[in-house]
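In the order they appear, the protein sequences are chains H, W and P.
Residue numbering for the first sequence follows our numbering, starting at 1 and increasing by one per position.
Residue numbering for the second sequence follows our numbering, starting at 1 and increasing by one per position.
Residue numbering for the third sequence follows our numbering, starting at 1 and increasing by one per position.
In short, the hints are calculated from the structure, not lab data.
Just to be clear, a hint being listed does not mean it is correct.
Stated by the list, open to error - List time: in silico EDC-like cross-link candidates among lysine to aspartate or glutamate, alpha-carbon distance up to 20 Å:
no. : chain 1 : residue 1 : chain 2 : residue 2
1   : H       : Lys181    : H       : Glu13
2   : P       : Lys28     : P       : Asp201
3   : P       : Lys454    : P       : Asp471
4   : W       : Lys309    : P       : Glu426
5   : H       : Lys92     : P       : Asp201
6   : H       : Lys259    : P       : Asp523
7   : H       : Lys181    : P       : Asp192
8   : P       : Lys27     : P       : Asp289
9   : H       : Lys92     : H       : Glu57
10  : H       : Lys93     : P       : Glu473
11  : H       : Lys92     : H       : Asp108
12  : H       : Lys93     : P       : Asp59
13  : H       : Lys259    : H       : Glu230
14  : H       : Lys92     : P       : Asp192
15  : P       : Lys245    : P       : Asp59
16  : P       : Lys348    : P       : Asp289
17  : P       : Lys410    : W       : Glu222
Stated by the list, open to error - Selected chain W positions facing chain P (Cβ under 8 Å, derived; list incomplete):
no. : residue
18  : Leu61
19  : Ile62
20  : Ser63
21  : Ile141
22  : Gln209
23  : Gly219
24  : Gly274
In this text, all values refer to a predicted model and were calculated from it rather than measured experimentally.
Even glycine gets a Cβ: it sits at the ideal position worked out from N, Cα and C.
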Amino acid sequence: MTSVNHTASPKAEPLLRITDLTVDYRIGGFGRKRSFRALQGVSLDIKPGETLGLVGESGSGKSTIGRAVLGLAPVTGGDIRFDGRSITRLSKKERRALSSDIQVVFQDPYTSLNPSMTISDILSEPMQVSGTSKVDAQRRVRELLDVVNLPSNASARYPREFSGGQRQRIAIARSLCRNPKLIVCDEPVSALDLSTQARVLQLFADIQEQTGVSLLFVTHDLDVVRHISERVAVMRRGEIVETGITEQVIANPHHAYTKALLLASPIANPALQAERRRERRLFLDAQPALSTVAR
Amino acid sequence: MLMFILRRLASGLVLMFVISTATFFLLNLTGQDPVRQVLGPVASVEQVEAKRQQLGLDEPLISQYFQWLGSAVRGDLGRSWFTNQPVGELLSQTLPPTLSMVIGSLILAAAFGTLIGVTAALRRGRLDRGLQVASTLVQAIPGFLVALVLALVFAVQLRLLPATGFTAFTESPAKWLASITLPVIALALGSLASIALQVRGSMIDVMQQDFVRTLRSRGLPERSVVVKHALRSAAGPSLTTVSLMFIVAISSSVIIEKVFNIPGIGTQANNSAGRGDLPVVLGIVLVTVVLVVVVNLLVDLAQGWINPKVRVS
Amino acid sequence: MTDNLVTGTRKSLDVVSAAPQADNLIKKFLREPAAVISLVFLALLVVVAVLAPLITSYDPTATRLADVLAPPFTPEHPLGADGVGRDVLANLVYGAQTSLLSAAIVIAVSLLIGVPTGLLAGYRQGWIDGVSMWISGALLSLPAIVVLLVVLARVGRSTSLALVVFGILIAPSVFLLIRGSVRAVREELYVDAARVSGLSDIRIMVRHILPVVITPTIIQAALLAGAGIGIEAGIAFLGLGSSDKASWGLMLNDASQNIFNAPWLLLWPSVALVLTVMACTLVGNGFRDALANYGSAAGRVKTRKAAKEAVSTPQPARPMTKASAEPEDALLVINDLRVSYPRPNGEKSDVVKGISLRVERGQILGLVGESGSGKSQTAFSVLGLLPGQAEMTAGTLSFAGADLLGMTPKERNRLRGARIGYIPQEPMSNLDPAFRIGSQLTEPMQHHLGISAKAAKAEALKLLARVGIPDPERVFKSYPHQVSGGMAQRVLIAGAVSCNPELLIADEPTTALDVTVQADVLDLIRSLQAERGMGVVLVTHNFGVVADLCDQVAVMRNGEIVEVAAVTDLFTNPQEEYTRLLLDSALDSTSKTTTAPSAGSDMTTETEGAR
């Protein structure tokens, strides 16, 4: 699953560099305002053609990083640089211009496609913004459907006629339509069945090989990360606790939380799982702070 | 919880202030000289001017307004320009008939509406279809039409109940009941249909919730699942409907009172507004807004009791 | 769970797609007879109103002393004349003009105010939303007729002014509707996706938000028309309307004054008024129903809910033998279990197709499969908690030697909670939000065990401590929303085992949990099972969970059991191709080197599902 890096030398500038990012959500409008810190001083970078896995449990802030990169989260502090320039605070117009470079695939394939639009309309919408002609857009729609292994006659249909895995393929096709440099993938396989999951992950890998796109891959599942990304960042409570090469982090986690996460994930093998269970008990007895009981 | 009540009260006070101010200036906006209206066309110019001074209408509008506001805050709503009766006294006379009708109709509508709505939601089928058809029909009939037909049948034809007038409860409870029966039914029908539909809808929603299935999985008796658990969750949206129905009932009572010739606040409003008796109209507007604020507060409190989330946040 | 009921279209990828959406909606509307008749009625009313001068030669407001209370059905006055000698037919016909005009004014004013403000407040939110919500709340808390009295008192009798004011007063209903729809759509991921695609706010509004808002607006307009016609009649009845215009309300006013000597005057305006208002409502309802039907075809979530409608214990038809045929002491015996749901087209869709299973006492059976495999339906069949419209049959369904099929719903209910426990999937949605956790635990215990409230509380506190809750007293007094998902799941587990059941049905008990919490919850289930010797049916899609907990595994696919095996056998030596395929798809460390199955496998893209 190594990506072919067309343009950049190993020492290349990162495509995305996040420095000391802080995000606060305001809760409760009008009158009394409180805020909730979703991210606290997070830094990471992604090189061209690379996949960074961002793993963490619910509420860890992993999705917020993705949303901040997309301009959908309120950034309170820090800096996000894309292709060498800061995109932390962009005007609406500048943000729109950036849409050809940064794209997204969301978790829920049921609400991420407008149910009243045909697949063709959904896929050509981003191209209309850039002023592509109708004929070119149609050709591109056919190409995209081919890339994600859907039949070309899918374009006249509505999302409801497709299964979850197929809809996720459509969402991936939409993200590809203007040849982005970075795709933010927000738990794109966690709503899918196991066998579908594997094939959609393979699709991501194939696409990356063909196009050299970078992926920021947000997931709660370390096993998914292992399959898709060379590097991983582990998040907990709005902070990154560990970053590194995926294989190394999994084989030899430095942070206790990463270890707890690894030991908690059950193995599909009764003997190995019994072993892991014992290991986990011993580990938690030594690290009572990481027990989930108090939560 | 206390903060919540205080906030609602503050919001209610702002509402009262805004509405009474708007009413005050609206009533003074255009139209005829109120003093000329009070005294009639034959009064002399001197008489008119004397009266104007007596009523304080020779002062600028703004100072009239602040004078009214000042005494209103102290509980003095002034006197009628026409009868010189204190407005407070007028209100205390006209409020009981109206409140008897409005509250009576709401109790009736809420009780039967809940019963019908719950049964329709649980049984579905024919009863449910029947409710849909009947409620569409009932909601299409204006209350005063129901009132006219009721009067025609029960008072004019059958002579079972009085067609007009109101007897105070303190005077004779039996006659009080007879005098408000028809108005209450006329007022209640529409609200009953709305409440039944709302209860039905929320009950169907709640019965599909996961927690209802889990309650059933615990082997609780069906009665407990439906009455104790599901109905309580369904009551929230239904209560909101009840508070809306209260406002509608106040509004409709103006017409119903006319049909049954009941000397309530609606009749008073109609008469006073017709001849431009500003202090009385202002008093009536103020008292209706107070009633609405109070009812909304009660409903909010009930919501808090039903839904602990509301209480805490 | 019942996804396959809904997404039965999955396999029809090559079937030509349905017609575009708007056409569909109109077609569905035309299938509602009441709505169509109402629409025709309203159209006729418009024609009558327009052609009024051709229908009658009378001036509706002209009074003639000679004609006072003239009887109906005469050539001169087909419907008679009223208390001041006005022709009733003329008033009826010209009254239609007034009524329709009133409807138009109210719709126009309230839409003009409500739609733009609703769009703005819903889309922009922030302070605009706060202010407009307050104003709308204030307007809604004003009794309409009292306000109209005040306004008309100053300006004098004017129907149109009254209707404009009424339109303003009722505009919040439009505002709230539009705002609500916009907010709902705004939350949808596809709007976020459109924003990321670089669409401007205006384009998003036009392409994604307006289409969603249009249909509810039409429905609301129909209801507003009814309200407008009603209020016009009310104003005229009170004598506040313009005196130079015919009106049904005015006719009713006159009729009420002559109620003793000419009650028939009441008839015509009443009929006209009621029919017209009702027609408006029915047209609105017709659109609403068409939309709802239409929505159920489109929205997965909605139909899933519909499938859960009217939950009750379905009485199973039972064509075959009694459980007594099984001599053994198995805890649960299922033979030839079938579950099906009726489809809208009259056919049945089978979700469980004749499966057989048995669970021994103290055994943990894993029921594993992908979405739509029928595993949850099997679990609910055992509990007797299938949705009302589900049809369930079985050769045998026996629990601890007792025949479940022959039991009355009451007898089934006595087993549930007491001898068969249930752990659901979603912790938060499975606790009653209105009750404290404590009372939700003690109520079944008091019911089944017949113990006092005090004893039940002591028992509940013990249970909470047992399931690993550090502060049982506090949690006992808490409401469900005050505890975390992991805690809530522990509470549900405590509830499931509170009456010492012999069988525990766990439906994806850890799927909604974080992985670290999942590990703890699995430990908890394991230790409770060991301690109490319960039999467990564990429904899951996760082979890791199976490996962690189960003794025996049944693999399900499309309502059938593919393979049943002891857990070690299944993982080391799967017999069926499908089992191997599923195991290979698992992404965990055992499959490090496995590449994902290619499109050439027997599971084609057509069946790609979501959980």
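Now the hints, each set against the structure:
Of the pairs offered as hints, the one joining Lys181/H and Glu13/H holds, with about 14 Å between alpha carbons and a cut-off of 20 Å not exceeded. With a C-alpha separation of about 32 Å, the suggested pair Lys28/P and Asp201/P falls outside the 20 Å cut-off, and the hint is violated. Of the supplied pair hints, the one linking Lys454/P and Asp471/P holds, its CA atoms being roughly 19 Å apart against a limit of 20 Å. In summary, the hint linking Lys309/W to Glu426/P is supported, as the alpha carbons are separated by about 19 Å, within the 20 Å threshold.
Of the supplied pair hints, the one linking Lys92/H and Asp201/P holds, its CA atoms being roughly 9 Å apart against a limit of 20 Å. For the suggested pair Lys259/H and Asp523/P, the alpha carbons sit about 18 Å apart, so the restraint of at most 20 Å is met. With a C-alpha separation of about 19 Å, the suggested pairing of Lys181/H with Asp192/P holds against the 20 Å cut-off. Between Lys27/P and Asp289/P the alpha-carbon distance is near 12 Å, which keeps this suggested pair within the 20 Å criterion.
Proximity of Lys92/H to Glu57/H is assessed by CA-CA distance (about 32 Å); at most 20 Å being required, the pair is judged violated. The suggested pairing of Lys93/H with Glu473/P is violated, with an alpha-carbon distance near 55 Å, which exceeds 20 Å. Pair hint Lys92/H plus Asp108/H does not hold up; C-alpha atoms about 26 Å apart against a cutoff of 20 Å. The straight-line distance between the Cα atoms of Lys93/H and Asp59/P is roughly 63 Å, outside the 20 Å bound, and the hint therefore fails.
Annotation: proposed proximity of Lys259/H to Glu230/H holds, straight-line Cα distance about 18 Å (limit 20 Å). At most 20 Å may separate the alpha-carbon atoms for a hinted pair to count; Lys92/H and Asp192/P meet this at roughly 14 Å. The hinted pair formed by Lys245/P and Asp59/P meets the criterion: a straight-line CA distance of about 10 Å does not exceed 20 Å. Of the pairs offered as hints, the one joining Lys348/P and Asp289/P is violated, with about 24 Å between alpha carbons and a cut-off of 20 Å exceeded.
Distance hint between Lys410/P and Glu222/W is fulfilled; the C-alpha atoms sit about 9 Å from each other, no more than 20 Å. Annotation: Leu61/W was flagged as interfacial toward chain P, and the flag is violated, the nearest CB pair being 14 Å apart, outside 8 Å. Using the Cβ-Cβ criterion of 8 Å, the hint placing Ile62/W at the interface with chain P is not satisfied: the shortest such distance is roughly 18 Å. With a cut of 8 Å, the hint placing Ser63/W at the interface with chain P is violated, because the nearest CB-to-CB distance is about 21 Å.
Against a cut-off of 8 Å between C-beta atoms, the interface hint on Ile141/W holds, since the closest Cβ of chain P lies about 5 Å away. Given the 8 Å rule on beta carbons, the hint for Gln209/W holds: about 7 Å separates it from the nearest Cβ of chain P. Hint status for Gly219/W: holds, given a least beta-carbon distance of 3 Å to chain P, under 8 Å. The interface hint given for Gly274/W holds, since its Cβ lies 6 Å from the closest Cβ of chain P, which is under the 8 Å cut-off.
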